[in-house]
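Asks: Each chain, letter by letter, is given below.
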Amino acid sequence: MGGLQKKKYESGSATNYVSRNKARKKLSLSLADFRRLCILKGIYPHEPKHKKKVNKGSTAPRTFYLLKDIRFLLHEPVVGKFREYKIFVRKLRKAYGKAEWSGVERMKENKPVYKLDHIIKERYPTFIDALRDVDDALSMCFLFSTFARTGKCHVQTIQLCRRLGVEWMNYIIDLRSLRKVFLSIKGIYYQAEVLGQTITWIVPYQFAHDHPTDVDYRVMATFTELYTTLLGFVNFRLYQTLNLVYPPKLDGQGEFNLKSECEEDYALESESYSEKLSALSASLARTVPLVEDEEAEPDHFPAEGEDLETMEAREKIELEQNKQKKLFEGLKFFLNREVPRESLAFLIRCFGGQVSWDKSLCIGSTYDETDEMITHHIVDRPTIDKQYINRYYIQPQWVYDCVNAKILLPVEEYFLGVTLPPHLSPFVEESEGDYVPPEKLKLLALQRGEKPQTEEEEEGDEEEEDEDDEEEDDQSEEEDEAEDEANLAEMEEKRAQGKRLSVKVTPGKVKQENRMRTEQEEKAEEKRLAIMMMKKKEKYLYDKIMFGKKRNVREANKLAAKRKAHDDANKADKKQNKKKKC
Amino acid sequence: MRPTHSGTMSKLKNKKRNLEENEDEQLPIFDKDGGKDGHLDDGDEDQGDLSDSEESVFSGLEESGSDSDDEEEEEEDGSEEKSSDVEEDKAADGDGDDQLSAKEVIEPQTDGQHSKEKKKKKKAAGKEGGEESVASDRDSGLQISSQVDEYEHDTSDEEDIRNTVGNIPMEWYKDYPHIGYDLEGKKIFKPIRNKDELDEFLDKMENPDYWRTVQDKMTGADIRLSDEQVDLVHRLQQGKFGDVNFNEYEPAIDFFSNEVMIHPVTNRPQDKRSFIPSLIEKEKVGKLVHAIKMGWIKPHRPKETTPQYYDLWAKEDPNSILGRHKMHIPAPKMKLPGHEESYNPPPEYLMSEEERLAWEQQDPEYRKLSFLPQKLACLRAVPAYSRFIHERFERCLDLYLCPRQRKMRVNVNPEDLIPKLPKPKDLQPFPTTQSLVYRGHSSLVRSISISPSGQWLVSGSDDCTVRFWEVSTARCLKTVEVGGAVKGVAWNPNLSICLVAVSYDDTVVLLNPGLGDRLVCTATDQLISSYEEPEEVKDQPVQWAVAEGEGHEQGHRLILKHPKAVRQVTWHGKGDYLACVIPDNGSSLQVVIHQVSKRRTQNPFRKNKGLVQCVSFHPIRPYFFVATQRYVRVYNLIKQELTKKLMANCKWISSMAIHPGGDNVICGSYDCRLAWFDLDLSTKPYKVLRQHKKALRSVAYHRHYPLFVSGSDDGNVIVCHGMVYNDLLQNPLIVPVKVLKGHTITHDLGVLDVTFHPTQPWVFSSGADGTVRLFT
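These protein sequence lines are chains A and B, in that order. Quick note: the first sequence uses our numbering, first residue 1, plus one each step. Quick note: the second sequence uses our numbering, first residue 1, plus one each step.
Bound conformation, chain A alone (with noise of 0.2 Å):
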């Protein structure tokens, strides 16, 4: 018939699609630039549905880019500042190289450089956008700010990365949102609750790195270029919303606290500042001045059914909440100078405690060890020598112990020398049939205001395996079965040889017939029979769901087997003691 043939890969999804060279060369830049367009520009590979289709028939392995994507890319400003560059590179060679000196400096002066805000702004359209993507921007800005300033990045990077985790920390003192905090043995985990958003982020271990070589520093470098960005205009923003001075500012008092001490000795003159801030010992200026109890009273709307119930439960997490953000109110901490003193004093201080630590370890402590005000001394070594009556002397853990359990947790477990309790991780939520510890249990118990029990009570509760008694049954009924068919064959035989049975008859027996049993074993009968008459695509489905509901309970029991284990030979350990004292 009429019309012309339609060609293939013409039109439809393989134009829909377009390779990474493709869309280099359509943009005419190099990889490297390539990257750091995407990266800058938060555009990702797409996985076509059918793959070979947009491949044109072949299948090898590549990446795709929607063209929507790549023509998106193509009016970017950034892209023209890349190719400047280029050339002021190349330009500023030729200048070396004629050793035209003035030409090189007047070169150096025009550098080309380019600005973000306008992808910030572009990508993150509002800034609830921004704030939810702040995660990684934080650990990247806390990962780079604890770099040597030698070597791998500029100088100006990390300084700007410290910065702006300062700037970040103090916020979060200052709203007091910090929710929850984990050490691992990666780094430490914070959570905290800004605008709404859940924010967590990491933050490593104050040592210094061995960098690995098969890691591409300009991507992460990119990256960071895009985070600190991100990071201080979101840090600006949030500064506006608790009228506080941005950049950061102590307050009066604050600065008059810590201008007493000699500052020379620490920091240089232009550094003193920003190690002040970073100390975190000080609240910041604000633009208006704070008035106290401004806590108002949340207006209560009438609400009917489950609204109301919402609306209760909403007003319970608050409450909680708040209690929460006083947990520290009226203590009066101390650092010793081995515990982790940046993380500690953030901590307490998110959650109203006062801090201090000696005055060679940093800059701004705010009082002496020999303060008899203080109530808790945070210590991370076997003993101490000098120890003051009036106060604890804590292992660090307490703290961040108590933050996740929302309440002052009793210190006895966390003295100096005894054996730590484990420290759980905050961020897991057992749902039903997951393996709880027992730790978790008993905090939880703490919680709810309960009295710690005896350990040899605790011990009972621990979960029962749930296994299903069918298959057991089943094997059961089919071992009878069995041992029926032999006796059987056995007279059978003994009936073809020949011989007489001595046959007896003896009374039978009533079969008690458990009713329970019987209607359970129907029930289950009954389901598989039903499973039989499943869909096919159901059935994987069906089968698949089960696989991983089993696994999570083999997990689990296999959890609570090596606890069991544990424990036992910790008994019998102290059995063993026992015995041996007696």
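Certain hints may be false.
[Stated by the list, open to error] Pulled a few chain A residues facing chain B out of the computed Cβ check, cut under 8 Å:
(1) Ile120
(2) Phe127
(3) Asp133
(4) His209
(5) Val215
(6) Arg237
(7) Glu338
(8) Tyr392
(9) Tyr393
(10) Gln397
(11) Pro422
(12) Phe427
(13) Ile531
(14) Leu559
[As the list claims (entries may be wrong)] Derived lysine-lysine pairs resembling DSSO-like cross-links, with alpha carbons at most 27 Å apart:
(15) A:Lys544 <-> B:Lys298
(16) A:Lys549 <-> B:Lys598
(17) B:Lys741 <-> A:Lys527
(18) A:Lys550 <-> B:Lys287
(19) B:Lys298 <-> A:Lys98
(20) A:Lys115 <-> B:Lys298
(21) B:Lys368 <-> A:Lys535
(22) A:Lys91 <-> B:Lys287
(23) A:Lys544 <-> B:Lys423
(24) A:Lys111 <-> B:Lys303
(25) A:Lys442 <-> B:Lys335
(26) A:Lys544 <-> B:Lys335
(27) B:Lys407 <-> A:Lys539
(28) B:Lys217 <-> A:Lys535
(29) A:Lys539 <-> A:Lys527
(30) B:Lys375 <-> A:Lys108
(31) A:Lys98 <-> B:Lys282
(32) A:Lys574 <-> B:Lys375
(33) A:Lys68 <-> A:Lys91
(34) B:Lys375 <-> A:Lys564
(35) A:Lys152 <-> A:Lys249
(36) B:Lys335 <-> A:Lys562
(37) B:Lys423 <-> B:Lys741
(38) A:Lys94 <-> B:Lys693
(39) A:Lys571 <-> A:Lys442
(40) A:Lys527 <-> B:Lys694
Source of the hints: derived by calculation from the structure; they are not laboratory data. Cβ atoms here follow ideal geometry from the backbone N, Cα and C, with glycine treated the same way.
Once you have looked at the hints, place chain B on chain A.
Replies: Coordinates of chain B only, in the frame set by chain A:
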């Protein structure tokens, strides 16, 4: 060598003279004291110099030659002399020697002799010039002037006249008694040095001049430095000029002073270019101006006015939310850490030894945890995490390299997936328990059939027997041996005839078991014997024969010999027609239909498509079902045409059964499926059941109850409720109601045949274990 050259070339002569003069002049520098001892003193030198200005070179040469001669003599006669004497001798004989050694001492470095040499020569040249210009300074010995020595770069005159070996490391002569050659080519012998440590020490203690004694490497002689020489050394060590009288701070005369002289320094007229503006410069400036105008060169970048950070979201514009943002898939957040990542986890989260080993051996990509859980006693002991940067980097890679997809996570309750079926309890009656086992066969029981009255059961086995059982008691009433493994048995459904068709090998035997009503039995016998040969004998594919003798006593009545092995026999509902399957792919004779009353055989199909698996008569209508491997064909026997072709959607049909209503068919297949066809609906299965784990061997419908049953190689017999409604709008209801177990699996075979009791909801099944079981 030297003499010849010097003799010929005047230039060389000059050089030599210069050298000569140098040496002569330098002598007084170093050896003022020694000069007295020596045969020359300053005055002499002066005079000599003045006088000898035109003198031949050989004066000096002679001198040195005499020196060497002296030395030689000395060596010869004074070989036993003490070293002190030697020293004296040195001082006495070699002025030149002295001078040279001193030179060498003065130069602190030993390497870079060449340059040293040059310097020396410069000095010497200076001296020569000075000698000519400033005569008064000659006494002091050292003069420096700016006059350039024309032989500066000519090195040939540096050669030593005392030792002609040239400029070589003297260690080369270490192992020889001599140290070089003099001008005449005679060996210069090393002075005897037999001082031991003690002598050395004594010398050091006793000799007041020990400290100023140095050794000449060229000749090996010890030389005592004079006071002036020592002074010179000191001066040079302090970095001063060697000449005492040299004033290094002479007032500078500013030649080009600020005072305008009346006379120009040079008389050259000024260039024209100094009057007219430069074209090149103009061009350059013009280019720059043009570039600035065009904006190619920016003299100064405009200063940045906006602060680094400001309120970016001051006015949030709802229009700025593009379609992209709605399409945007935000990156998933990092997984939050569990208890096992804690620095102090509960003990159950730590890995045991085996787990740890397994973890280490696993490929890092497949590890469930990317780290080893650790328990540390205190926070102080927590080490740095070495993979921190790696993890951040991987996160970065994920963010910009991973394709993102929205995945709809099905959050279904698995219970909801299970279809809601009527309870089996409500669908009773159906067989639930195994009540009787019929034992007796020694091999697998391929086929069973039940008498239409439901009283007797016949089973055919691979042990070449056919057994007749009483259903209610499981008693074997009769055993009939046949000549081969029995493939199929079928009881005549007609109540008034007592006949059983048994197939083995290529034979079908019609048996009269003689069970039940005797009248019926005898009537059957009569029916068979009353047959009359028709007049015209047709050619038949099957031979009919009447059993006689022993066979007849056993019950054999008719024997039908087929060309090939018969697999299945089945009766028509009326009991007159008997269909046999002779599976043989490609042959035209795969299905034959016998008419017992007329002893006639017909081959209904001219051609068979595919391998016929089983056949069946329609219970009511004149239809005939033929199941090949993948299709079931339905033929109308009266019209002699194909009415339907059912596609079973399975690989290999094993068995087939037809609903007594006639509108539904079930097919069992070797790929574990049971397909239910509704003939009114479609040629495709209405429902496919995958209940069995292994191949289905047989299926059966109950004649009255809405039940059907399937037996499989997995040893199970599954009873299903299969309700067919009279209402055409309502689809059949299929519910599995019971899984009956009992047969043991032997040789990977389980249940081979199943059949229902004609009136009761009972199921008989025969298995590979040689038993027949009754489930009620």
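Asks: Please go over all the hints and tell whether each is borne out by the structure.
Replies: How the hints compare with the structure:
no., hint, result
1, Ile120, "holds (6 Å)"
2, Phe127, "holds (4 Å)"
3, Asp133, "holds (7 Å)"
4, His209, "holds (6 Å)"
5, Val215, "holds (5 Å)"
6, Arg237, "holds (6 Å)"
7, Glu338, "holds (6 Å)"
8, Tyr392, "violated (16 Å)"
9, Tyr393, "violated (13 Å)"
10, Gln397, "holds (6 Å)"
11, Pro422, "holds (4 Å)"
12, Phe427, "holds (4 Å)"
13, Ile531, "holds (6 Å)"
14, Leu559, "holds (5 Å)"
15, A:Lys544 <-> B:Lys298, "violated (68 Å)"
16, A:Lys549 <-> B:Lys598, "violated (67 Å)"
17, B:Lys741 <-> A:Lys527, "holds (17 Å)"
18, A:Lys550 <-> B:Lys287, "violated (82 Å)"
19, B:Lys298 <-> A:Lys98, "holds (20 Å)"
20, A:Lys115 <-> B:Lys298, "holds (19 Å)"
21, B:Lys368 <-> A:Lys535, "violated (33 Å)"
22, A:Lys91 <-> B:Lys287, "holds (17 Å)"
23, A:Lys544 <-> B:Lys423, "holds (26 Å)"
24, A:Lys111 <-> B:Lys303, "holds (13 Å)"
25, A:Lys442 <-> B:Lys335, "holds (26 Å)"
26, A:Lys544 <-> B:Lys335, "holds (23 Å)"
27, B:Lys407 <-> A:Lys539, "holds (20 Å)"
28, B:Lys217 <-> A:Lys535, "violated (111 Å)"
29, A:Lys539 <-> A:Lys527, "holds (13 Å)"
30, B:Lys375 <-> A:Lys108, "violated (54 Å)"
31, A:Lys98 <-> B:Lys282, "holds (21 Å)"
32, A:Lys574 <-> B:Lys375, "holds (21 Å)"
33, A:Lys68 <-> A:Lys91, "violated (34 Å)"
34, B:Lys375 <-> A:Lys564, "holds (18 Å)"
35, A:Lys152 <-> A:Lys249, "violated (31 Å)"
36, B:Lys335 <-> A:Lys562, "holds (25 Å)"
37, B:Lys423 <-> B:Lys741, "holds (20 Å)"
38, A:Lys94 <-> B:Lys693, "violated (79 Å)"
39, A:Lys571 <-> A:Lys442, "holds (19 Å)"
40, A:Lys527 <-> B:Lys694, "holds (21 Å)"
Hint compliance for this structure: hints 8, 9, 15, 16, 18, 21, 28, 30, 33, 35, 38 are not met, and every other hint is.
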